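Number of protein chains: 4
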Amino acid sequence: MAIRLGKNNYGKQRVRVLQVVRRPDRHDIKELTLSIRLEGDFELAHTKGDNRKVLPTDTMKNTVYALAKQHAIESPEEFCLRLAEHFLSRNPQVSRVRVEAAQTLWSRLSVEGKPHPHTFTSSTSEKRTAALSATREEKTLHAEIEGLVVLKTTDSAFENFLRDQYTTLKEDRDRILATAIRAAWLYRDNPADFDSTWHGVRQTLLESFAGHDSESLQHTLYAMGEAVLKKFTGIREVHLSLPNKHYNLFNLSPFHLDNPKEIFLPTDEPHGLIEATLSND
Amino acid sequence: MAIRLGKNNYGKQRVRVLQVVRRPDRHDIKELTLSIRLEGDFELAHTKGDNRKVLPTDTMKNTVYALAKQHAIESPEEFCLRLAEHFLSRNPQVSRVRVEAAQTLWSRLSVEGKPHPHTFTSSTSEKRTAALSATREEKTLHAEIEGLVVLKTTDSAFENFLRDQYTTLKEDRDRILATAIRAAWLYRDNPADFDSTWHGVRQTLLESFAGHDSESLQHTLYAMGEAVLKKFTGIREVHLSLPNKHYNLFNLSPFHLDNPKEIFLPTDEPHGLIEATLSND
Amino acid sequence: MAIRLGKNNYGKQRVRVLQVVRRPDRHDIKELTLSIRLEGDFELAHTKGDNRKVLPTDTMKNTVYALAKQHAIESPEEFCLRLAEHFLSRNPQVSRVRVEAAQTLWSRLSVEGKPHPHTFTSSTSEKRTAALSATREEKTLHAEIEGLVVLKTTDSAFENFLRDQYTTLKEDRDRILATAIRAAWLYRDNPADFDSTWHGVRQTLLESFAGHDSESLQHTLYAMGEAVLKKFTGIREVHLSLPNKHYNLFNLSPFHLDNPKEIFLPTDEPHGLIEATLSND
Amino acid sequence: MAIRLGKNNYGKQRVRVLQVVRRPDRHDIKELTLSIRLEGDFELAHTKGDNRKVLPTDTMKNTVYALAKQHAIESPEEFCLRLAEHFLSRNPQVSRVRVEAAQTLWSRLSVEGKPHPHTFTSSTSEKRTAALSATREEKTLHAEIEGLVVLKTTDSAFENFLRDQYTTLKEDRDRILATAIRAAWLYRDNPADFDSTWHGVRQTLLESFAGHDSESLQHTLYAMGEAVLKKFTGIREVHLSLPNKHYNLFNLSPFHLDNPKEIFLPTDEPHGLIEATLSND
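Protein sequence lines correspond, in order, to chains A, B, C and D. Quick note on numbering: the first sequence equals residues 1 to 281 in the working numbering. Quick note on numbering: the second sequence equals residues 282 to 562 in the working numbering. Quick note on numbering: the third sequence equals residues 563 to 843 in the working numbering. Quick note on numbering: the fourth sequence equals residues 844 to 1124 in the working numbering.
No lab work stands behind these hints: they were computed from the structure. As the structure is a prediction and not an experimental result, all values here were calculated from the model. Every residue, glycine too, gets a C-beta built ideally from N, C-alpha and C. Some clues are possibly wrong.
[As the list claims (entries may be wrong)] DMTMM-like, lysine to aspartate or glutamate: derived pairs with alpha carbons at most 25 angstroms apart: (1) A:Lys7 x D:Glu1002; (2) A:Lys48 x D:Glu1069; (3) B:Lys311 x A:Asp174; (4) A:Lys245 x D:Asp893; (5) A:Lys170 x A:Asp213.
[Unchecked claim] Short derived list, chain B residues pointing at chain C, Cβ under 7 angstroms: (6) Thr328; (7) Arg333; (8) Val335; (9) Gln499; (10) Pro551; (11) Ile555; (12) Ser560.
[As the list claims (entries may be wrong)] Label-pair restraints from in silico Cβ distances: (13) C:Leu606 x A:Lys139: 51 to 59 angstroms; (14) D:Thr1110 x B:Val392: 39 to 47 angstroms; (15) A:His199 x B:Lys512: 32 to 40 angstroms; (16) B:Arg371 x A:Glu269: 30 to 38 angstroms; (17) D:Thr890 x A:Gln93: 45 to 53 angstroms; (18) A:Gly211 x D:Lys1013: 53 to 61 angstroms; (19) D:Asn1091 x B:Arg307: 50 to 58 angstroms; (20) A:Gly234 x D:Thr890: 19 to 27 angstroms; (21) C:Asp734 x A:Asp172: 27 to 35 angstroms; (22) C:Asp590 x B:Glu550: 19 to 27 angstroms; (23) B:Glu419 x A:Val21: 48 to 56 angstroms; (24) A:Lys139 x D:Gln1008: 22 to 30 angstroms; (25) D:Asp868 x B:Glu419: 54 to 62 angstroms.
Using the sequences and the accompanying hints, generate a full structural model.
Okay, structure coming up:
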């Protein structure tokens, strides 16, 4: 019998940084939460307790703050690229760096209709994330959105599905469709402006969800992915993960009341989940 | 020795309802999550297992859907009042009804700059809640906001504080101030429009936070409460609960880098908490 | 119009400390998470930004570690008492101190049946908490348990309840009863050993839940509270908060299968909630 | 430009079931939360809204209850196998079924030292999970444990590590080591008794953590994986994911107190993370 060490990695999670840029007329802020993981030649650390090639995770943390000071954080995507380059260029024992950066979405406050110079709000449950996997040869960079909750009250059906002995679901020509969009996309070439592209993809996802005449959540997922790939030709691939957040018509007939699609029971448990990757060849 | 039953209540939590109003040109939606609790003459249920005065919590749940059907949900405040009146008027054994309604904050989606007739988004971590405690004699109705996260990068200090043998904190003339506002207010008389008042209070809290020259979070809390009471004279009392979400300057000197208030470490644990009630006599 | 500052407090939340006692043959550990809040003469801090009576919350945090070093942590109850005494005796501007201490429940690991000298596990979702409210005149100390999940498959009924037009619930002579016990009790006089009393109350709650022939969750709540007060005469009052974690019989008849109370659907939303305080006069 | 549908799946999440086995002298219970996902020939559902090959996720849910009724739930692993076989044998359009089953860990209550016939407690934050990916040709079945929290107060060091310009961490010959074990293992051949093997792996993980003279968390991870593979030769591969839950010595010197490894500050953010797969060839 031979025990063998297979794939392994180590790193630091939940490293949080806020950067303030102090301009004469206004302050700008960027806040990120980072995850950094290294792969490489760490066999002896595992098998012998020999740490000579192990850069401490505490050092990874310090590096985040030192690099943020030396180069302004432009976008989560660019900060991931900078961190990966730093670790790859200085650590020959490292073969792959994975970095994820989740951006806290701060908005500048409006006071009496005018943007305030130094006050911000952040009341969103949406998350913007960048995820990079980089070696010295290639980089795979995903941009992501998570927690973008949408609901439409009509233009959604689910009919003509497969039935078996355990099927009790009724056909529905006009139902509520609701989901919490999670999308991750891969750039063919990095865009000139990561921020405006991210916001453009977000709006395209919303508008294609709204405008689609849906025969199922699969059908709408495909329409959403297709809309993104058609509009953003620099995107090679988009992955969508859409929970089906069920809103069930509540049965009011025991109370001698009708319910013409007015009163619904929202429920999270159980829920459907639809996932697919679309690519643009 | 005599065992005595003191204060007691029972009810149903996390009752969720969505109402769709289908107009010719557009749909409107309201979504609430309700908590209902009854107090009253329930001694025999506890001591003897006699349920003859116990309205099942399942019936409380059904009542939510039946009343929503018969009367459109106008606001969380009004739906609380309706539910309490229903239970008090039909259940002589009940002396007090407490209802809380948390509204899911849906916004109508804009598509190409125009409001979409039937698609909505909800990506906020803010909560709007109404909380009612009602007897046949009196009603106490609180409106609440929770999770309204704000941050300012300047105009905040903390100096000249009390020191003892365990004090190591340094004075700070210019620090970041951040909090997640929770506010609950009590109406002297119910306003004509609960929705616009709630939004007005929200904006007043934000603007007073932004505009204040802060000597401490206590100082800013008072300014925020005062601004609300001065602007909304129908409000008798406002309670504010403000965590101090610390953003600590990161020490870059070990790396021979200065840090003129640019790079901060956000931290949730531990955190300060400041609470106070202001009233308008 | 006169704005008035009413009740107010401030303090530090989520202060975490682990203490290791290094004995020759074994190590012992105690881990607490603390919340400290002060009330007192803080009007000028709010109204004028005058911090001269404000002990920083950062100092409260430091005090936890300094006191833990100087006096071993015996129990969460005793550490609350020590902290409150510290702040009251040195801060004339403080009129009331509230301290909560939640203990992380570590157990010593057994290796080949023997207690290990320095390894511990903590895989419980239960919480043990002490909550103290202290002035110079009086102290109110609650001991608490939270998240103690129990389920019985029989000896539970719910029948002969009140019915109205919205009642659809069926009577049930033999149902599952499940809850997550939260109990808080008040000592008449502090016990000699807080730890063994806490564990005794916990076991009494479990055994009375198991042994009761239940006509409702109210009925069982009362039996549980009564058992605690009868067994622990040093306890003056016990408050119980019991969610009714519903396990609904799943309807298998569409599949031509019977279901003699074998297959259930657990659900958390909505759920019942029963609360009462029992006292021993 | 050609849009192409790549990998896709759909299914039902958070399907909860409790099974009661009613024996003359005692009841036994099993509670699972299931996730079911199907891959297969679903292209037309996405591209054309043609649902004729789509088995509703509602039917997947019903199937869980119907199969639980017809065959007692033995273990999460066996129930995953049963569900996958059901969907594969009846749905030619399905090429792969993935099922995850998380078991709620109920323990029979002891009353006066004797096992109670029908009352159970569940106060653990640990999770036992089985995860199956099955096609008609092959099955990959992982058994998992998650949230097994352990801490040792000594026999742990981290020294002689790599240093760069951002390294400030001090060498430590004697530190606290704490983690929340997540382990997933792959059976070469399925064991006769999934339950006793799972409990055996759990105990082996605990004892190897306790007994190891650690030079790093990587070093201990390897020792834990090696111990599992050596003791359970039917296991082909084990994956370990270990957060480094830091307990930092609190600096008491500003208060003129020493701290000979007695008072620590537990912190979750940031934290290290060590992951590796070990296999037995």
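Comparing the hints with the structure gives:
1. A:Lys7 x D:Glu1002: holds (24 angstroms)
2. A:Lys48 x D:Glu1069: Answer holds: A:Lys48 to D:Glu1069 is near 13 angstroms, not above 25 angstroms.
3. B:Lys311 x A:Asp174: Holds: B:Lys311 and A:Asp174 sit about 19 angstroms apart, inside 25 angstroms.
4. A:Lys245 x D:Asp893: Holds, at about 21 angstroms.
5. A:Lys170 x A:Asp213: Measuring from Cα to Cα gives roughly 19 angstroms; hence the hint holds.
6. Thr328: OK, holds: B:Thr328 within 7 angstroms of chain C, min 6 angstroms.
7. Arg333: holds (6 angstroms)
8. Val335: holds (5 angstroms)
9. Gln499: holds (4 angstroms)
10. Pro551: Hint holds; B:Pro551 Cβ to chain C Cβ min 5 angstroms, cut 7 angstroms.
11. Ile555: holds (5 angstroms)
12. Ser560: Check passed: Cβ of B:Ser560 comes within 5 angstroms of chain C, closer than 7 angstroms.
13. C:Leu606 x A:Lys139: 51 to 59 angstroms: For C:Leu606 and A:Lys139 the Cβ distance comes to about 58 angstroms; the hint holds.
14. D:Thr1110 x B:Val392: 39 to 47 angstroms: holds (46 angstroms)
15. A:His199 x B:Lys512: 32 to 40 angstroms: Because 34 angstroms falls inside the window, the suggested range holds.
16. B:Arg371 x A:Glu269: 30 to 38 angstroms: holds (32 angstroms)
17. D:Thr890 x A:Gln93: 45 to 53 angstroms: This hint holds: roughly 47 angstroms between Cβ atoms.
18. A:Gly211 x D:Lys1013: 53 to 61 angstroms: This hint holds: roughly 59 angstroms between Cβ atoms.
19. D:Asn1091 x B:Arg307: 50 to 58 angstroms: holds (57 angstroms)
20. A:Gly234 x D:Thr890: 19 to 27 angstroms: holds (23 angstroms)
21. C:Asp734 x A:Asp172: 27 to 35 angstroms: holds (32 angstroms)
22. C:Asp590 x B:Glu550: 19 to 27 angstroms: Given about 25 angstroms between the Cβ atoms, the range holds.
23. B:Glu419 x A:Val21: 48 to 56 angstroms: holds (53 angstroms)
24. A:Lys139 x D:Gln1008: 22 to 30 angstroms: holds (24 angstroms)
25. D:Asp868 x B:Glu419: 54 to 62 angstroms: holds (56 angstroms)
Of the hints listed earlier, there is not a single one the structure fails to meet.
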